[in-house]
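Colleague: Spelled out, the chains give:
Number of protein chains: 2
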Amino acid sequence: MVDTTDLFDRIDRPRRLPDEVAVSIIGAIEGGQLVAGDRLPTEADLAKRFGVARTVVREAISLLRYDGIVDSRRGVGAFVTDASQRSSFRISPACFEKRKQIVQLLQLRTGVQAGACALAASTRTSEQMEKIEETYAQMVAADKLGPANALEERVDSELLLYRRITEASNNPYYAEVVAMIEANIQNNLRSAFLKNAAASEFGADIIKEHYAVMKALREGDVEAARTSARTRFERAADRLAARADFA
Amino acid sequence: MVDTTDLFDRIDRPRRLPDEVAVSIIGAIEGGQLVAGDRLPTEADLAKRFGVARTVVREAISLLRYDGIVDSRRGVGAFVTDASQRSSFRISPACFEKRKQIVQLLQLRTGVQAGACALAASTRTSEQMEKIEETYAQMVAADKLGPANALEERVDSELLLYRRITEASNNPYYAEVVAMIEANIQNNLRSAFLKNAAASEFGADIIKEHYAVMKALREGDVEAARTSARTRFERAADRLAARADFA
DNA sequence: TCAAATCAGTTGTCAGACAACCTGTTTTCT
DNA sequence: AGAAAACAGGTTGTCTGACAACTGATTTGA
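From first to last, the protein sequence lines stand for chains A and U.
For the first sequence, this note's numbering gives the first residue as 4, with consecutive numbering after it.
For the second sequence, this note's numbering gives the first residue as 4, with consecutive numbering after it.
Some hints could be false.
Since copy identity is lost for identical chains, a pair holds within one copy or between any two.
Stated by the list, open to error - Distance condition first, Cα-Cα at most 20 angstroms in a straight line; then the derived EDC-like pairs of lysine to aspartate or glutamate:
id, residue 1, residue 2
1, Lys147, Asp22
2, Lys211, Glu237
3, Lys103, Glu170
4, Lys103, Glu179
5, Lys211, Glu130
6, Lys218, Glu33
Just so you know, the hints here were simulated from the structure itself, not pulled from any lab data.
Quick caveat: nothing in here was measured; it's all calculated off a predicted structure.
Kindly generate the complete structure, drawing on both the sequences and the hints.
Modeller: And the structure:
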């Protein structure tokens, strides 16, 4: 049975007008037509130009305001903020066209995960460590069954393992950032991930990489946790990048 | 002249209804009253309950949809997505109440910056290095003038220095994440930052920390860049945390 | 001269309507 | 009887128009 979870879904979903208007305005800002401090055209003006109702424009602007890209004042207008005011980090799905961007996102994940693992090595509770050991055991068991029998179990338990480790850092910011990066990678590369896992993420050598992280966590060795986690994710990224079929 | 940039601004700005509605709905989700897969009440229903117009509810829901917290389908309703679908990382200003959360954010910054510096050591161009050297020289010059004469210059050139280094990683994801964290720290702790800088971020010993990073970047030494950057930010966080007046 | 009142313009909110769409039910046809 | 088609009700998406709250500049009045 072939995995079809990432086929046949959400194609050509009906576009929403506010989103398109927002993208258009963001384009004007990123393109330099509107710079920090500039006032946007009035909502009525924008509505007329885009040929949509003012409610649509309002929703679009409210999205930009939400991200801190513009700031609107009643009775005055909406103004472009300077870039340092942006209050969110967002990965747009459209960014996954180019292979280069995937590599960059994997780099970011590597760095953040290394930090999270290092932190977890010093802050984890014994309860958290138990859960981590449990998940690790599941992963090892699935690994022994091989890619033909337990592909998804192997991949999912690995994801869960590192999620639990990240949560054991007891720093919600780390947990959130990692979760978001992971979700975006998964959503866009799930099938490639599975294929890659089947081809090059099984076996004793790979388990050794994970074991090094586990050992560091058990012993509370911060530096070892950092290094082993970084090594593990760098290598995984290399193996994934080495496969040409992920795009 | 005392710096008053972070006094007397944006107090009690007129609340916007959609934001409050959004916060209320998010609260219901985070509080567990609504779990993944649940359908939200209809917009008309919510409007009646909150005592606001439907446009207000729509704007609120559009914010949640923007963050991937809910997913709405025309003719059906809006549904809470599972947490792994969240598509943005956001630091809410309200989170800066507790000292613990500031420490956590500084931890995250340390980890991310270390990764960015390490990457920059291998990917920087010589043009980027020139700009970095230039900014470094400015910082050193401001440092020599002392906190009484060049406090803001010193702090701002340091911020610019690490922004340029991060950009030299040539990974926009790193740049964005760092910029966002930095902006949030600055917006909420600017005065504490300045005070702390005056008290404990001047002098040859501190410059040595930065110099170590610079040296690693010049030589393209990835590991040295990572370690020195981490050391530098860890120590800076420690010094800041050591001052009790930052809250 | 200078302060207060006025005014035009903009965003924030409200109310109602209709279009597009989904789901389940009923009707119709074979 | 069974399946296909039409229908009905409900929900989101969009449109329209109106008014309230507010700002900045202009005009007015003492």
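Colleague: Hints first: check each against the structure and report whether it holds.
Modeller: Hint by hint, here is what the structure shows:
Proximity of Lys147 and Asp22 under a CA criterion of 20 angstroms is satisfied in neither setting, with 47 angstroms inside one chain copy and 51 angstroms between copies. With identical chains, the CA atoms of Lys211 and Glu237 are at most 20 angstroms apart within one copy only, with a shortest distance of 14 angstroms there and 30 angstroms across copies. Taking CA atoms no more than 20 angstroms apart as the test, Lys103 paired with Glu170 passes between copies only; the shortest distance there is 16 angstroms, against 29 angstroms inside one copy. Taking CA atoms no more than 20 angstroms apart as the test, Lys103 paired with Glu179 passes between copies only; the shortest distance there is 16 angstroms, against 24 angstroms inside one copy.
For the homomeric pair Lys211 and Glu130, neither the shortest alpha-carbon distance inside one copy (24 angstroms) nor that between copies (41 angstroms) is at most 20 angstroms. Within a single copy, Lys218 and Glu33 get their C-alpha atoms no closer than 46 angstroms, and across copies no closer than 34 angstroms, so neither meets the 20 angstroms cut-off.
The structure shown violates the earlier hints numbered 1, 5 and 6.
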